[in-house]
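Chain A is already provided as a structure; the job is to place chain B on it using the hints.
Keeping their order, the protein sequence lines are chains A and B.
Residue 1 is where the first sequence starts when you use the working numbering, and the numbers rise one by one after that.
Residue 1001 is where the second sequence starts when you use the working numbering, and the numbers rise one by one after that.
Hint data in this document are derived by calculation from the structure and do not stem from the laboratory.
Some hints here could point you the wrong way.
List of simulated lysine to any residue pairs, SDA-like, C-alpha gap at most 25 Å [stated by the list, open to error]: (1) B/1065 - B/1001; (2) A/56 - A/41; (3) A/70 - B/1059; (4) B/1057 - A/56; (5) A/56 - B/1104.
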Amino acid sequence: QKEVEQDPGPLSVPEGAIVSLNCTYSNSAFQYFMWYRQYSRKGPELLMYTYSSGNKEDGRFTAQVDKSSKYISLFIRDSQPSDSATYLCAMREKTSYDKVIFGPGTSLSVIP
Amino acid sequence: EAQVTQNPRYLITVTGKKLTVTCSQNMNHEYMSWYRQDPGLGLRQIYYSMNVEVTDKGDVPEGYKVSRKEKRNFPLILESPSPNQTSLYFCASSSEAGTAWTQYFGPGTRLLVL
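If we strip away everything but chain A, and leave its shape as in the complex, we get:
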């Protein structure tokens, strides 16, 4: 079993839809949970991170962490064509400094 699993998609939604992206993980020591956005031919960009469990909101984006289920989610409200990208979840332990484990990414297309 991989440490971090993510549905690769592709996922295609109409503009304005609510998008739900999800990852599961197996390492209960993970404490930082991150979401990155990667446009084609660009480097990943850190969108949001959550320390430990709970929710975090930033504009149209909401990140949720359920440590009991080892499950994290990213919700995108009022999705826009500019949200079309690959979304990567990632995780790390508190004391593992820069050792980050990434999921394979979900490709999202928002159709105008």
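Using the frame of chain A, we list chain B on its own:
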């Protein structure tokens, strides 16, 4: 402007010819990492560095070397490249203060080993 730069951006080489990909950050971050990204396998960490002269292996370190002699630079060295090292490489830097954490990635280096 916060920035991680990588050079070269594109590189075609032949098996066995040593090469270095440079990485530099202007944010005074303590941590730096190298990743490779391959279709279906996602981003995998090659090496990471917690500070000057402190490095450690990631998940796929075989065939790579790194050094961290200055805080801002973290070059990736392929002593004898092989075709299975054809990939897209990213450098990243990050900083942590308490539970606050930030990370920036470079634009990527696309390497083809013939």
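Each hint tested on the structure:
Restraint check for residue 1065 of chain B and residue 1001 of chain B: the C-alpha separation of about 29 Å exceeds 25 Å, so the hint is violated. Straight-line distance between C-alpha atoms of residue 56 of chain A and residue 41 of chain A comes to about 28 Å, which puts the hinted pair past the 25 Å bound. With a C-alpha separation of about 22 Å, the suggested pair residue 70 of chain A and residue 1059 of chain B falls inside the 25 Å cut-off, and the hint holds. For the hint linking residue 1057 of chain B to residue 56 of chain A, the alpha-carbon distance of about 32 Å lies beyond 25 Å, and the restraint is violated.
A distance of roughly 20 Å separates the Cα atoms of residue 56 of chain A and residue 1104 of chain B; the hinted pair therefore holds under the 25 Å criterion.
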